[in-house]
Structure formats: C-alpha cells, structure tokens
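**Q** Read off the chains here:
Protein chains: 4
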Amino acid sequence: MKALVYLGPGKKALQERPKPVITAPTDAIIRITRTTICGTDLHILKGDVPTCEPGRILGHEGVGVIDSAGPGVNAFKQGDRVLISCITSCGKCSYCRRQMYSHCTTGGWILGNKIDGTQAEFVRIPYADTSLYPIPAGADEEALVMLSDILPTGFECGVLNGQVQPGSTVAIVGSGPIGLAALLTAQFYAPGMIIMVDLDDNRLEVAKRFGATACVNSAGGSAVEQIMKLTGGVGVDTAIEAVGVPATFELCAKIIAPGGVIANVGVHGVKVDLHMENLWDRNITITTRLVDTSSTPMLLKSVHSEKIDPKRLITHRFKLGHIIDAYETFGHAADTHALKVIIEA
Amino acid sequence: MKALVYLGPGKKALQERPKPVITAPTDAIIRITRTTICGTDLHILKGDVPTCEPGRILGHEGVGVIDSAGPGVNAFKQGDRVLISCITSCGKCSYCRRQMYSHCTTGGWILGNKIDGTQAEFVRIPYADTSLYPIPAGADEEALVMLSDILPTGFECGVLNGQVQPGSTVAIVGSGPIGLAALLTAQFYAPGMIIMVDLDDNRLEVAKRFGATACVNSAGGSAVEQIMKLTGGVGVDTAIEAVGVPATFELCAKIIAPGGVIANVGVHGVKVDLHMENLWDRNITITTRLVDTSSTPMLLKSVHSEKIDPKRLITHRFKLGHIIDAYETFGHAADTHALKVIIEA
Amino acid sequence: MKALVYLGPGKKALQERPKPVITAPTDAIIRITRTTICGTDLHILKGDVPTCEPGRILGHEGVGVIDSAGPGVNAFKQGDRVLISCITSCGKCSYCRRQMYSHCTTGGWILGNKIDGTQAEFVRIPYADTSLYPIPAGADEEALVMLSDILPTGFECGVLNGQVQPGSTVAIVGSGPIGLAALLTAQFYAPGMIIMVDLDDNRLEVAKRFGATACVNSAGGSAVEQIMKLTGGVGVDTAIEAVGVPATFELCAKIIAPGGVIANVGVHGVKVDLHMENLWDRNITITTRLVDTSSTPMLLKSVHSEKIDPKRLITHRFKLGHIIDAYETFGHAADTHALKVIIEA
Amino acid sequence: MKALVYLGPGKKALQERPKPVITAPTDAIIRITRTTICGTDLHILKGDVPTCEPGRILGHEGVGVIDSAGPGVNAFKQGDRVLISCITSCGKCSYCRRQMYSHCTTGGWILGNKIDGTQAEFVRIPYADTSLYPIPAGADEEALVMLSDILPTGFECGVLNGQVQPGSTVAIVGSGPIGLAALLTAQFYAPGMIIMVDLDDNRLEVAKRFGATACVNSAGGSAVEQIMKLTGGVGVDTAIEAVGVPATFELCAKIIAPGGVIANVGVHGVKVDLHMENLWDRNITITTRLVDTSSTPMLLKSVHSEKIDPKRLITHRFKLGHIIDAYETFGHAADTHALKVIIEA
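Residue numbers (our numbering), protein chains in the order written: chain X, 29 to 373; chain Z, 29 to 373; chain S, 29 to 373; chain L, 29 to 373.
It is worth saying that the hints were derived from the structure and are not from the lab.
Misleading hints may appear alongside valid ones.
Because identical chains share one entry, a pair is satisfied inside a single copy or across any pair of copies.
What the hints assert, rightly or not - Here are the simulated EDC-like cross-link-like pairs (lysine to aspartate or glutamate), alpha carbons at most 20 Å apart as the crow flies: (1) Lys74 - Glu169; (2) Lys74 - Glu305; (3) Lys347 - Glu170; (4) Lys30 - Asp337; (5) Lys74 - Glu356; (6) Lys236 - Asp76; (7) Lys40 - Asp168; (8) Lys299 - Glu278; (9) Lys282 - Asp301; (10) Lys347 - Asp228; (11) Lys236 - Asp108.
Bear in mind that the values here come from a model prediction, so they are computed numbers and not experimental data.
Sequences and hints are given; from them, build the entire structure.
**A** Dropping the structure here:
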C-alpha cells in the first residue's frame with residue numbers, strides 16, 4: 029500500500045509499504061478514505077518529536093471503513109464507517125477511567141508517532157472499541173476528519189479548559205487552524221466578545237468570517253493596549269494560547285482579567301517566563317492539556333445537529349498520490365492560505 | 029492610643045496616635061482585643077509593598093469589640109465581639125458579587141496597607157457589615173485570630189484551589205505558618221498522603237505533629253526524587269507552593285502528576301521559569317489567588333464543631349506594649365521556632 | 029400617582045396613590061418608564077399568594093430612572109437609568125453572600141408582594157445598590173424589561189439548573205413566556221435538540237420561530253411516546269418544567285434519560301407524585317429554584333452583544349392608564365396570543 | 029461447588045452447582061474467599077426484584093482469587109487477589125465512558141440478579157478488566173468486602189450526591205448498614221454536624237460510636253422538630269435518605285434547608301408525595317442513584333491510608349456451609365444487632 033513515511037529530520041517520501049495486520053485481539057484494520065496533515069506532522073519533520081523514529085508512517089487523523097477487526101472488538105464490524113481518534117485509549121487504566129485518555133498508560137498519542145499512522149491506505153488501530161467512533165448515516169466524511177484532532181483540541185484544551193461562558197470575553201492568540209477551531213467551538217457558549225490575535229491579516233480576515241467580534245494584528249506591538257481598550261481596561265476572562273512560543277504565552281498573561289483563565293493549546297519547545305510577581309494575587313488559572321478526545325461524542329452530535337460546520341476549516345483537497353504536494357501547500361500556509369487540507373486515499 | 033507604625037524601609041515604632049473616627053456611614057470602629065503579625069508585615073518593613081506608605085499603622089488581622097458603628101451598619105452594634113477579615117469587601121461590586129472579595133474595587137487588602145490597620149488599640153473598618161464576622165458565644169478569641177488571614181489563605185489559595193480530594197496525594201512546599209495552615213485545612217478532605225517539604229527540620233517536626241504523612245527536607249537536593257518515590261513515580265495530585273521563590277515553584281512543577289494542580293499561595297517578588305516544553309501536554313492546572321476570605325463562615329463553623337484547632341499555630345504571646353519584641357520573635361522564627369504570635373491589646 | 033392595586037381575590041383597580049418616599053438610607057425611589065405583567069400577578073389576583081394583602085400595588089418588573097436615593101446608596105444617583113430586579117437583595121446576609129438572593133433574609137421576592145410594586149408611576153426599591161442594575165448607554169429599554177424576571181427565571185431555574193450542554197437534548201414542557209425564555213437562553217449552550225411541549229399550537233408555532241428543533245402537542249396523550257421516539261428511546265438529558273401542575277411535572281419524570289436533570293420552573297399549588305419506585309436507580313437530579321437574578325449581569329452582557337433578543341417576547345404595548353386592558357389581554361393569552369405586554373408609565 | 033440459590037419468593041437453599049466456566053474472552057473466574065449478604069438479597073427473597081429468576085445464585089459482593097482468565101483479560105492473571113465490584117462495567121459504552129457504570133448497556137447490576145453471583149465457591153465475572161480491582165499487598169480482605177457495594181453506595185449516592193462539605197450540616201435518615209456507610213464516608217469532608225435518624229436505639233448507639241454528632245429517634249413523631257432545633261431552625265444542608273419508604277423520604281423534604289440537597293440512597297417500592305407547593309421556591313436538589321462504583325479506586329486508597337476503617341461494619345462471621353444461618357442473623361438485625369456478616373468460602 030501507499031504510505032507517507034518519515035525518514036528523519038527534513039526527509040519524507042511516499043513509499044510502498046505492506047498492509048498492516050491485526051496483532052492484538054482488540055485491534056482493527058481501517059481502510060482510510062480521508063486523512064489530513066497536522067501542524068504536529070511538521071514538528072516531527074523538523075526532528076522536534078524524539079518519540080517518532082525514521083521509518084514511521086505519519087498521520088493521526090482520518091476517517092475510513094473497517095477492513096477487519098480482532099475477536100476482542102465488539103462495537104464494530106467489517107464495513108462500518110468510522111472516525112479515528114488521534115488519541116488511542118485502552119478504556120481500562122486509571123487515566124482512561126477518568127476520561128484523561130491522553131495519558132492512557134498504553135495508548136495516548138501513539139498514532140503516526142510511536143506506531144504507524146493514517147497517511148496511508150490502511151492503518152492498524154489498537155483498542156478499536158474505545159479509539160474509534162461510528163460515523164452516523166448521512167454524515168459528511170470530510171467534515172468529520174476535523175473531529176479526529178483539531179476540533180476536540182481547540183475545544184477541550186482551549187474552550188473547556190478556558191471556561192468560556194455566556195457573556196464572557198475571550199481572546200484567542202493565534203488564528204491558525206487550531207485557533208480557528210477554538211473560535212468555532214467557543215461559540216457553543218455564546219461569549220459576549222471573541223478577540224482573535226495574529227500576525228497575518230489574511231488569517232484574521234478568516235477569523236472575522238468565522239465569528240470573531242474583534243481582530244488584533246499583534247505585529248505592531250500594541251496588542252496588549254488594543255485588547256485592554258476593547259475590554260474596558262479589565263482584560264479578558266479567557267485567553268487561549270494557540271501558538272506555542274514564549275511571546276504569545278506572555279501576551280496572554282498580560283491581558284488576563286482577575287479571576288480569568290489562560291488555557292494553553294500550543295505545543296511549546298522552550299520555557300516561558302511566568303511573572304508571578306504580577307500574577308500571584310490576580311486569582312488566575314493556567315491550564316495545559318494534550319487533547320483527550322473525550323468530547324468527540326458531543327462534537328459528533330453538534331455536527332449532526334448543525335450547531336457547527338467544521339468543513340469551513342478545509343481549504344484544499346489532494347489525492348493520497350499527491351500528498352507531497354499537500355505537505356507543500358500546508359507547510360506554506362502564509363502564501364497558500366491553507367488551513368486544513370484533505371487527502372483522499 | 030498605642031499603635032505600631034511603619035516608618036519606611038527597615039523602620040517601625042510603637043507610637044501614640046489619635047483614635048480613629050467613623051468617616052463613612054458603613055464604617056465601624058473596633059476596640060482590638062487581640063491581633064497578630066503576618067509575614068506580609070515583614071515584607072512591608074523590607075520596603076517590598078509600595079502601596080504601604082510610611083506613617084501607616086500595620087496589621088490586617090485581629091478580633092475585638094464594636095466601639096461604635098456608623099448609621100449604615102446593620103449587622104453589628106456597640107459591644108458586639110467581632111472577627112476582622114484581612115480583606116475589606118463592599119459587597120456590591122462585580123467582584124464582591126461573585127465572592128472574589130480580594131479584588132473588591134474599593135476594598136480588597138487595604139487594612140495595614142492603604143489604610144491604618146489592626147496593630148493598635150482601635151481600628152476603623154470600612155464596609156463593616158461585609159468585612160466583619162460575629163464571634164459566636166463561647167468561642168476562643170485567640171483561635172479566631174487565625175481566621176483573619178492565615179487559615180483562609182492556606183485553605184482557599186492552597187486547599188480549595190488545589191482541589192484536594194479524599195484519597196489524593198498532596199505536597200505542601202513550605203512548612204511555615206501558611207504551609208501549616210494549608211496542612212491543617214487540607215485534612216478537611218481526607219487526602220491519602222500529605223508530604224511536607226521544608227529546609228528546616230524543626231518545622232517539619234511540627235508538620236508531622238499537625239498531620240503530615242511524610243516530610244522531606246529539601247536541603248539535600250533530592251526532594252524531587254524523594255517525592256516521586258513516595259508517590260510510586262507518579263507525582264502528587266496537588267502541589268501547594270507556600271514560600272514564594274522560583275526554586276519552590278519550580279519544584280512544584282517537577283513533582284506534579286498528570287492531571288494535577290499547582291496551587292500557589294506564596295507571595296512572589298520575581299518571575300519564575302515555567303517549563304512549558306515539559307508541561308504543555310501534562311494536563312495540569314496552575315492557580316494563583318489573593319485570599320478572598322469567602323470561606324470564613326465555613327471556617328468559623330469548622331472551629332465551632334472542633335473539626336480544626338487553629339490555636340495550634342500560636343507559639344508566643346505578647347502585650348501590645350511589647351509588640352516590638354513580638355516582631356523580633358516572629359522575624360527570627362528559625363531561632364525562636366515562632367509560628368504565630370498573639371498580641372493582646 | 030397612578031398605581032394598579034390588588035383589592036382581594038378577583039379584584040383590582042387603577043387608583044391614585046401617594047408617591048413613595050425613602051424610608052431607609054439604602055432606598056431609592058424610581059420613576060417607572062416601563063413595566064410589565066407576570067403570570068405571578070395573575071396568581072395573586074386569584075388569591076393564591078397569601079403574603080400579598082389587599083391594598084398592595086402589584087408588579088415586580090420594570091425599568092426607570094432614579095428619582096431620589098438615600099444617603100446609603102453609592103452606585104446610583106438621580107437621573108440614572110436602571111433595571112429593577114424582581115428580587116431584592118441586601119448583599120450582606122449568608123444567602124446573599126452565596127448569590128442565593130431569592131432567600132435574602134430581609135429581601136427576596138417582596139416587590140408587588142410584601143411591599144408596593146412597579147405597576148405605578150413610582151416605586152421604592154430597598155437595598156438599591158444591590159437590587160438595581162445600570163442600563164448601558166444605547167440599550168433598548170423595552171428589551172431590558174424582560175431582564176427583571178422572565179429571562180433570569182427561565183435561564184437560572186431552567187437552563188442553568190438543568191445543566192444544558194452543547195450537543196445535549198432538552199425538553200421544555202410549557203411554551204408560555206417562561207418556557208420561551210428558557211428556550212431563548214438554552215441556546216446559549218448550543219444543545220443538539222430542544223423539544224417544546226404545549227397544548228396550544230400557536231405557542232408551539234412561536235417556539236419553532238424562537239429556535240425549537242421539535243414541537244410536541246401534548247393534547248393527544250402521546251407526548252411521552254413522541255419524545256422517546258425523537259430521542260432514540262433514551263429520553264432527554266434535561267427536562268424543564270415550565271407550567272407548575274402535576275401532569276407536566278410527571279411528564280418530565282417519564283421522559284428523563286438516566287443521568288438527566290429535571291429542572292422545575294413552574295409555580296406549583298399542590299403536591300405531585302414522585303415515582304421513586306421507577307426513579308431510585310436512574311441517577312437523576314430534580315431541582316427547584318426561585319430565581320436569584322444572579323445572572324442579570326451576564327444577561328445584560330448577552331443582550332448588549334446581541335447574543336439574544338429578548339424583545340421577541342413582547343407582543344403588546346399599553347399606557348399605564350390602560351393597564352386594566354393590558355391585564356385583559358395578558359390574562360386571555362390563548363385568544364390574544366399575548367406573551368409579554370409592555371406598560372409605558 | 030456450594031452455592032446459595034434463590035428458589036422463588038421466600039425460598040432459598042445451599043445447593044451443589046457446577047463450577048462456572050469462561051464464556052467470553054473478557055471473563056474471569058474468581059475463587060471466592062469472602063462474601064457477604066446485602067439488604068437487596070432480602071428484597072430478592074421477598075420476590076421484589078423481577079429481573080432475578082428462581083435458580084439464580086445470589087450475591088454481588090466479595091473478594092477472591094483469579095482462578096482463570098479469558099484471553100481478553102489484560103489486567104489480571106491467575107492467582108491475583110481481587111475485589112469484585114457489585115457493578116459490572118464494559119468500559120466502552122457511552123455510560124461507562126462517563127463513569128456511570130450503573131447503566132452500562134451490557135452490565136450494571138447483573139451479579140446475583142441477571143447472572144449467577146458471589147455467594148458460592150466460584151463466580152464468573154464478565155468484563156473482568158473493568159469490573160475487578162487488584163487488592164493491594166497487606167490489605168485486610170474482610171475490610172475490602174465492604175468496598176464491593178455498601179461503602180461506594182453510601183459514599184456516591186449519599187455523600188457525593190449530597191454535596192457534603194466542610195462545616196455543613198447533614199442528616200442521615202436510616203442508621204442501618206447503608207446509613208452507617210454514609211456516616212463513615214461523610215466524615216471524609218469534615219461536616220460540622222451529622223444527625224443520624226432511626227427508630228432503633230441500638231443502631232443510633234452504633235451511629236454515635238461511628239461519629240454521629242447527634243441522634244434522633246423518629247419513633248415519637250417529633251423528628252422534624254428535633255432536627256430543626258438542632259439546626260437553629262434552618263434545616264440541614266444535606267439530607268440522605270437511607271431507608272426507601274415514603275415516610276423517610278418525606279421527612280427529608282421537611283428538614284432540608286433552602287439551597288440544600290436530598291440524596292436518595294434507599295430502594296423504593298412505591299411512589300412518594302413530593303410537596304412541590306412547598307418546595308418549588310426553596311432552591312433544593314433531589315438526587316437518585318444506583319451506585320456506579322466509580323469511587324472504588326479512591327475508597328481503596330482511603331482504606332489503605334487508614335482514613336476509614338470499613339471493618340467496623342462487620343458484626344458476624346460464618347462459613348459458606350452455614351450461610352443459611354448467616355441469612356437468619358442478617359435478616360433479624362433488630363434482635364441480633366447484625367450490621368454486615370462475613371461469609372468465608
């Protein structure tokens with residue numbers, strides 16, 4: 029089968045690989061119909077993710093059809109259409125029992141990282157019963173690819189952890205796909221104000237269309253002043269960090285209102301300065317989270333009831349045979365204006 | 029009247045000052061019967077609190093008797109015995125309405141800071157109805173002095189924010205009065221393990237008597253290893269920072285379990301390093317808080333029903349005329365083994 | 029001044045009454061600009077509310093202008109435009125301190141009940157600082173009349189207590205003004221399904237326009253079957269009782285899913301049967317609540333940010349001189365299709 | 029093997045039955061070392077539980093040793109000592125995913141009800157990985173038998189649902205084993221007052237030893253008055269119903285404070301009267317729950333850290349060969365003063 033393989037820092041190739049086989053009774057083999065590329069895949073390609081070794085098939089998102097299932101799989105049978113969660117969950121360990129699937133002792137984020145992933149014609153999914161979701165009849169598969177990772181990530185790490193509330197004020201720092209996913213799902217809670225912050229006017233333009241009430245280009249250095257002005261000098265109730273560098277984290281710490289929450293979504297590579305001399309008495313909360321995908325059933329219902337249209341995040345489409353082009357397009361988003369790219373297998 | 033007055037960095041004196049008078053209808057004048065000294069008073073004396081200007085009477089803790097009350101005071105009358113909250117609350121602003129009295133727009137921590145405080149024979153308390161609490165008949169006044177600040181601080185900023193739960197594991201970094209207040213109040217929730225961390229073996233000895241299940245002297249540099257060993261390699265569910273320097277905060281970040289909470293209580297003077305490159309995917313929460321004293325009614329009930337004995341924190345007693353000696357004793361706690369000192373007015 | 033006065037069961041009149049005066053320092057006198065009639069006013073007129081004695085001026089909703097304020101009022105001054113809360117709150121008692129203003133020991137629902145109300149040219153409001161809200165510049169006063177009672181009632185007693193969540197299923201039993209207020213505010217949380225239940229097809233038609241995803245006329249006796257079918261045989265996550273009779277409460281108990289919440293909003297006059305033999309193992313929650321109006325600041329923000337348009341509830345408008353006609357119209361809603369009627373003073 | 033078999037209303041016998049065998053890959057066969065009798069077993073024997081058919085081996089509590097495990101069992105192997113949960117959980121269905129194991133679509137309370145139970149030498153446990161818990165080395169097995177059902181039931185249905193808090197007031201109506209289990213576990217939260225209510229002075233005497241702060245014998249008809257007096261006329265914050273008849277439920281409704289919670293634990297056979305005409309405006313919550321045993325890991329930690337000693341509930345011990353005597357003793361608790369009886373297999 030065709031598969032996109034990581035070959036070490038800076039190197040990848042579309043290769044022919046053997047079709048995966050069931051290795052545990054709770055495994056299922058999925059024929060991929062659609063997958064996508066995540067910012068994390070680019071991190072891997074830079075060599076930033078040491079757990080991912082050369083030779084690995086990348087990808088942790090996608091939808092497909094059950095090709096075969098082990099004898100311990102009860103919830104699915106051959107031919108069922110399924111959504112693949114980016115997080116693999118055993119359903120049994122102490123973390124899984126409290127819905128913190130991200131830290132499953134034998135699962136977590138392993139797809140396209142510690143085991144072969146979804147940017148291929150087939151993929152093996154361990155713990156299929158608790159790591160796959162049935163696709164409702166009539167659902168739009170493309171839209172559901174957004175539920176493998178990006179939508180639950182923006183929602184759980186940003187919106188839920190950020191305690192977005194009706195009438196509250198929210199700033200989302202970073203208007204890339206993850207920030208936009210937080211923007212879309214923040215609207216489940218009818219906040220009174222959502223301020224999007226980015227350096228790229230095009231992305232802010234998209235944010236406006238997606239429901240932002242105000243946009244701030246942070247290039248000029250006056251982002252803090254602009255946000256404080258928009259909030260009557262108080263700051264925001266929720267600041268969602270959706271970039272992953274010190275400057276954006278520290279911006280969040282400057283605009284947070286007393287009693288507010290900084291919800292980190294970004295993947296960080298270095299430490300940040302936390303100005304506790306200013307924050308110790310501000311009654312704030314800072315959260316971090318690797319997505320648990322515990323909200324996937326709820327997001328499926330929200331898509332089904334048309335409360336959200338995740339398809340709006342899709343800007344480009346490619347065939348698996350042209351996935352190298354898809355990486356090019358996704359990797360140069362400033363020029364191509366790419367958000368999420370769909371790969372049809 | 030006699031009063032302890034701050035005279036600028038490093039300088040204080042017991043002076044004769046005019047008795048305070050009612051300046052607003054919601055004021056009450058309290059004749060102080062007992063007060064105490066807080067670590068924050070030492071910070072002021074070092075010159076670390078710019079809002080507190082020379083000439084200020086210090087002190088934000090104490091119990092006393094209503095000497096007179098303005099016409100807008102409904103809940104108290106002359107002769108009533110009262111507990112003074114370290115936080116002054118108008119009861120009306122948006123922060124007070126959501127019990128975040130610490131950020132009351134016209135109150136908050138003003139006593140012994142922006143207005144004259146309780147280390148005196150009399151004190152003026154603004155918003156008396158919402159900043160004082162009646163002392164139940166038969167209550168031990170000395171014990172209640174601990175409810176002005178130290179007990180709600182340890183409880184709200186440490187235990188409540190830290191989400192201490194039955195069976196959970198807790199580390200309290202810092203075994204001074206605040207850490208011990210957190211230790212006492214953490215036991216309201218029957219955690220399975222409370223590890224106390226300090227550099228001073230005497231304080232750890234006290235902690236053991238107060239209910240710590242394990243003590244770790246962090247002097248040797250192996251605190252992280254010891255705590256990880258005690259928790260089976262997982263780390264603690266709650267880490268309470270009760271010192272206020274980078275080393276102790278960063279220790280908390282190293283011992284927190286996935287899904288855990290770092291609850292900051294310490295007053296910080298400089299920034300800390302937050303290693304987001306290690307923490308972004310750990311599903312942790314960090315909280316800061318200036319005490320709101322919203323738990324004071326509950327703590328009064330807990331003292332009344334003998335679920336807690338805050339008197340155990342008291343090590344020394346002085347008359348107001350000897351408050352300079354009390355400061356000496358409290359300020360040299362390593363030698364005197366002082367925790368809280370009672371000043372009788 | 030002109031005032032609508034309750035004269036005993038079945039009797040009311042528009043009378044000339046003296047203008048109210050300030051009787052406590054925390055009182056304010058409001059010149060009413062707009063008020064409205066509540067279903068509770070009809071209950072009083074039937075003689076169902078023993079605390080309301082003949083001679084009482086009715087009404088507990090409205091907006092107006094500060095005519096005069098006592099010396100203890102800090103937040104408002106003459107000429108300020110204000111929203112009157114149906115709940116009077118001292119801000120100081122133990123209930124007020126935990127935002128349960130409905131049970132304020134010296135306030136609660138007293139307006140137009142134990143003291144004279146708002147269906148008059150002027151009204152005296154006790155505890156003005158904590159019982160009035162400033163009207164933002166540019167706000168539509170008519171819309172804000174809905175925030176005195178009906179919107180917070182539907183929201184707090186129905187939606188908040190009912191724990192409405194994104195993607196969840198909701199049934200609202202009763203499509204009168206209160207049920208419709210719950211319908212409007214439930215949409216703050218993007219539930220996947222909102223089923224409205226009523227006997228009146230006109231009201232269900234209105235509900236459809238206001239955002240209901242399904243409507244069930246319960247006249248035919250098959251409401252339970254229809255709702256179970258709509259929910260795939262599971263029942264609803266939230267059932268909001270917005271009528272106040274045994275049949276509707278018992279309907280809620282039949283359609284609630286395991287783990288669900290029955291949130292009672294209706295005012296009941298007699299006991300209901302609670303079939304604990306069916307419910308004891310269903311993991312359900314039942315809540316009751318007199319509105320606290322603790323959500324009023326949030327609702328003001330939601331109106332201001334156009335997340336909700338409460339004006340949609342207004343069907344008729346009258347001058348105070350014609351308030352008897354307004355009662356006629358409101359009291360015969362089945363014929364007049366009245367929801368809320370505005371009275372201009 | 030020997031087994032206690034239900035033979036229809038009023039009839040049971042100790043019979044010889046074949047040893048159970050594995051029928052699904054996720055099954056385990058447990059050699060029972062200790063089991064016990066539950067009040068629910070008496071209900072079955074009265075014919076009150078239609079899902080339990082004649083021929084069924086009774087019992088849903090116990091500890092034992094893994095005799096054999098199916099190929100789909102990962103967490104346990106032959107010889108492991110295990111605690112059996114009274115609730116069987118697949119770990120995969122939507123209820124299990126949100127820790128509502130009681131409503132597991134293919135599990136729930138099936139042991140000794142829909143499938144053969146634990147009052148035998150061996151038992152088959154479906155979904156072994158998620159329905160058994162490892163017994164820590166050195167643990168007292170007798171004590172742990174109390175964790176199969178009674179302790180999590182008292183804790184989850186009574187204490188957790190009842191929102192017991194430090195300093196709060198609690199009444200537990202019913203001082204049998206379940207009420208006492210609630211009493212023991214309520215103390216995890218340091219409430220200020222726990223009032224036990226029963227008709228039997230012996231049981232109240234036991235309650236006093238177990239930590240009750242006050243005891244009320246409800247025989248005389250003045251229970252409401254006594255409880256209102258104990259609470260200063262306010263009522264209790266939490267009322268735990270641990271009997272299951274209308275009189276005790278209705279007592280709870282009379283003693284609940286505004287804002288309080290009635291947490292039902294009792295198994296009810298008939299409807300109760302819910303006086304909504306008194307309760308609609310009291311801001312109360314009523315909860316029902318079949319135990320989920322989601323708290324079992326926490327309770328294991330609490331026993332391990334000696335925060336609770338569940339062995340105090342054990343009054344009698346029998347060999348499996350004398351289980352009929354054990355039923356006699358347990359069934360005549362008023363005379364024998366039996367609480368929980370241990371059956372050694």
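**Q** Just pull the numbers of the violated hints for me, sorted ascending.
**A** Hints 1, 4, 6, 7, 10, 11 are the ones this structure does not satisfy, whereas the remaining hints hold.
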